[in-house]
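Peer 1: Given next are the chains, with one letter for each unit.
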Amino acid sequence: MPKITYIEQNGTEHVVEADIGLSVMEAAIRNMVPGIDADCGGACACATCHVYVDEAWREKTGKPQAMEESMLDFAYEPKENSRLSCQITVTADLDGLVVRLPEFQG
Amino acid sequence: MLGEEALPPYQRPPLSKAFLQGDLVEDRLYLKPPAFYEKGAIDLRTGVSVVAIDRAAREVALSSGESLAYDKLLLATGAPPRRLSCPGTELSGVHYLRTAADSKALRPVLAAGRRLVVVGAGYIGLEVAAVARKAGLEVTVIEAMDRVLKRVACPPVSQFYEALHRSRGVDLRLDARLAGFEGVDKVEAARLEGGETISCDTALVGVGAAPATSLAEAAGLRVDNGVWVDESARTDDPAIWAAGDCTNFPSPLYGRRMRLESVPNAIDQAKTAAAGMAGKRAVYDTVPWFWSDQYEVKLQTAGLGEGADTVVMRGEPGALKLSVWHLKGGRLLAVDAINDIPAFAVGKRLIAAKAAPDPKTLADPASDLKSLLA
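Taken in order, these protein sequences are the chains called A and B. If you read the first sequence in my numbering, its first letter stands for residue 1, the second for the next number, and so on. If you read the second sequence in my numbering, its first letter stands for residue 1, the second for the next number, and so on.
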C-alpha cells in the first residue's frame with residue numbers, strides 16, 4: 001500500500017499506509033491523523049481538509065479543479081501548494097507522498 | 001455510546017448522492033475507524049436502543065433489558081423522516097430515506113427504464129430524483145407547495161432548480177397533493193387528489209423530518225419543536241446535554257431560537273456539548289450552513305434569510321452561476337450560492353461579522369467580492 005506522510009505544524013510526522021482509491025483525506029481520518037476535520041465528508045463543500053503538498057509531489061498530485069481552487073482561496077492561509085485532501089485520490093504513483101497541515105482548518 | 005442502527009456512526013449526506021449511486025462502499029461512510037473507539041476507551045454499542053431515561057437514578061434503560069448508569073448524558077437522537085398517513089404507504093416499493101439501510105434498499109431499484117415517483121421536492125427528494133435521472137429512470141416529482149425547496153430556499157433558487165430538473169427530463173408537478181399509493185402487494189401507481197394516477201415501480205417519500213424527542217419528553221425534559229437546550233447545548237436537566245437535528249437552541253447571531261437539520265450544525269453543536277460535559281463552558285454561536293449536490297450543480301447556503309427586507313441577485317437568470325443575498329436593515333442575513341463558492345465563502349464571513357455589505361457591489365457580477373472582507 002502507498003505510504004503517505006502527514007506533518008503537523010509542530011513537526012510531528014504521521015506515516016500511514018493508504019488504500020488505493022481512497023482520498024488522502026480519508027486515509028488521514030482512518031489513521032486518526034489530527035488536524036484534518038473534513039466536516040463535509042469529502043463533498044468539496046467546506047475547506048477543512050486543507051493540506052500543503054510537498055514541492056516534490058506537486059506534479060504527481062496535480063492541480064485543483066475550479067471548484068476546489070475557489071474553496072482553497074478561502075481556506076486558512078492558502079499557498080501555491082494548497083490542496084483539499086478530499087480531492088486527491090491515493091494511487092500507486094503517490095507512494096511516499098508528503099503533505100503538511102495548516103495551523104487551523106476552516 | 002449507544003445507537004439503534006447496526007452501523008457505527010456514519011455520514012448521512014452521501015446516502016442520497018454518491019452512496020446511492022453506488023460510488024462508495026459502506027465503510028467509506030464511517031465517521032471514525034474502529035481504532036478510534038478502542039483507543040478512546042469508548043464502549044460503542046450498536047443495534048441497541050434506549051427505551052427510557054431515569055433522571056432521578058441517573059440511569060438509561062436499554063432495549064436489551066440492561067440498565068446503564070451515567071453522570072452526564074448526551075442526546076443526539078436526530079430527526080427521522082416524517083411518515084405519510086395516506087392509503088398505500090405500507091405497499092412494498094414505497095421507500096423513505098434516512099439510513100444506510102434505506103439507501104441500500106433503494107439502490108437496486110434505480111435501474112434504467114423503471115419509473116420512480118418522488119413525493120416531496122425538498123433536498124432529499126430532488127437529490128434522489130437527480131441520481132435516478134442519471135441512472136435512466138423515468139422520474140415524476142410531486143410537490144404539494146407551489147415551488148420546490150420552499151421551506152429552505154428563496155423563490156429565485158426554487159425557480160433555478162425547477163428549470164434544472166425539468167431540463168433533465170423530470171416530470172415536476174407543483175401544487176400536487178398525493179391522495180395515496182395504489183397496487184396489490186407492490187406499489188403500481190401514485191394517485192393525486194383530483195384523481196390522476198401516475199404509474200410507477202418505486203416511490204420515494206421525502207416530506208421532511210421531525211425531531212426524535214420521545215425519550216426526552218417521557219423523561220420530563222422540556223421539549224418544544226426539539227429538545228430544549230441553552231446556548232451551551234445543555235437541557236433543563238444540568239446532567240443532560242443534547243446536540244444536532246433533535247435540538248431547539250438559541251442563536252446569539254440571529255437573536256432567536258431555532259432547530260436546524262444539517263451536518264455542520266450537528267458537528268459544531270456537538271463540540272459545544274462535549275466542551276460543556278468536560279467542564280469547559282462554550283457557547284454555540286456559528287453561522288448555519290447547508291449544501292446540496294444535484295447533477296453537477298452545487299448549492300451552498302450560509303445563514304438563514306427569514307425576515308429579510310431586501311433580496312439582491314448576483315448573476316443572470318438562466319445562468320449556471322447565481323447567488324442570492326438576503327439583507328435586513330442593511331445587515332446580511334443569508335446567501336444562497338449556486339456554483340459560486342466565493343459568494344458562499346464571503347457571505348458566510350460577512351454574516352458572522354454582522355456586516356452590512358453594499359447591495360450595489362453584491363449585485364454587480366464584475367465586482368470583487370473579496371474586497372467586501374477588507
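Do not rely on the hints blindly, as some may be mistaken.
What the hints assert, rightly or not - Covered stretches of chain A, as calculated for chain B (at least 3 residues, CB under 8 Å):
hint: 1; region: 26-39
hint: 2; region: 55-65
As the list claims (entries may be wrong) - Distance condition first, Cα-Cα at most 30 Å in a straight line; then the derived DSS-like pairs of lysine-lysine:
hint: 3; chain 1: B; residue 1: 186; chain 2: A; residue 2: 79
hint: 4; chain 1: B; residue 1: 39; chain 2: B; residue 2: 271
hint: 5; chain 1: B; residue 1: 32; chain 2: A; residue 2: 63
hint: 6; chain 1: A; residue 1: 79; chain 2: B; residue 2: 134
hint: 7; chain 1: B; residue 1: 354; chain 2: A; residue 2: 63
hint: 8; chain 1: B; residue 1: 298; chain 2: A; residue 2: 79
hint: 9; chain 1: B; residue 1: 298; chain 2: A; residue 2: 63
hint: 10; chain 1: A; residue 1: 3; chain 2: B; residue 2: 32
hint: 11; chain 1: B; residue 1: 32; chain 2: A; residue 2: 60
hint: 12; chain 1: B; residue 1: 298; chain 2: A; residue 2: 60
hint: 13; chain 1: B; residue 1: 271; chain 2: A; residue 2: 60
hint: 14; chain 1: B; residue 1: 271; chain 2: A; residue 2: 63
hint: 15; chain 1: B; residue 1: 271; chain 2: A; residue 2: 79
hint: 16; chain 1: A; residue 1: 79; chain 2: B; residue 2: 32
hint: 17; chain 1: B; residue 1: 39; chain 2: A; residue 2: 3
hint: 18; chain 1: A; residue 1: 63; chain 2: B; residue 2: 321
hint: 19; chain 1: A; residue 1: 79; chain 2: B; residue 2: 370
hint: 20; chain 1: B; residue 1: 354; chain 2: B; residue 2: 321
hint: 21; chain 1: A; residue 1: 79; chain 2: A; residue 2: 60
hint: 22; chain 1: B; residue 1: 17; chain 2: A; residue 2: 63
FYI, nobody ran anything at the bench for these hints, they're computed from the structure. Where a beta carbon is used, it is the ideal one built from N, C-alpha and C, also for glycine.
Peer 1: For a C-alpha distance cap of 30 Å, please report whether residue 63 of chain A and residue 321 of chain B respect it.
Peer 2: The hint holds at about 22 Å.
Peer 1: Are the Cα positions of residue 79 of chain A and residue 32 of chain B separated by 30 Å at most?
Peer 2: holds, 29 Å
Peer 1: Between the alpha carbons of residue 271 of chain B and residue 60 of chain A, is the straight-line distance 30 Å or under?
Peer 2: Between residue 271 of chain B and residue 60 of chain A the Cα gap is close to 36 Å, so the pair fails against 30 Å, i.e. violated.
Peer 1: If you draw a straight line from the CA of residue 32 of chain B to the CA of residue 60 of chain A, is it 30 Å or shorter?
Peer 2: Holds, at roughly 28 Å.
Peer 1: Take a quick look at whether residue 79 of chain A and residue 370 of chain B sit within 30 Å of each other, Cα to Cα.
Peer 2: Cα-Cα ~17 Å, so holds.
Peer 1: For a C-alpha distance cap of 30 Å, please report whether residue 39 of chain B and residue 271 of chain B respect it.
Peer 2: holds, 19 Å
Peer 1: Does the alpha-carbon distance linking residue 271 of chain B and residue 79 of chain A stay inside the 30 Å limit?
Peer 2: holds, 29 Å
Peer 1: Run the distance test for residue 3 of chain A versus residue 32 of chain B: straight-line Cα separation, threshold 30 Å.
Peer 2: Holds, at roughly 20 Å.
Peer 1: Given the hint that residue 79 of chain A pairs with residue 134 of chain B, does the C-alpha gap stay at or below 30 Å?
Peer 2: violated, 37 Å
Peer 1: Are there three or more residues in the region 55-65 of chain A whose C-beta lies closer than 8 Å to some C-beta of chain B?
Peer 2: With 0 residues closer than 8 Å to chain B, the region 55-65 of chain A misses the three-residue bar; violated.
Peer 1: Are residue 79 of chain A and residue 60 of chain A close enough, with their CA atoms no more than 30 Å apart?
Peer 2: Cα-Cα ~17 Å, so holds.
Peer 1: Checking one constraint from the list: CA of residue 271 of chain B to CA of residue 63 of chain A, max 30 Å. Satisfied?
Peer 2: Between residue 271 of chain B and residue 63 of chain A the Cα gap is close to 33 Å, so the pair fails against 30 Å, i.e. violated.
The earlier numbered hints that this structure contradicts are 2, 3, 6, 7, 13 and 14.
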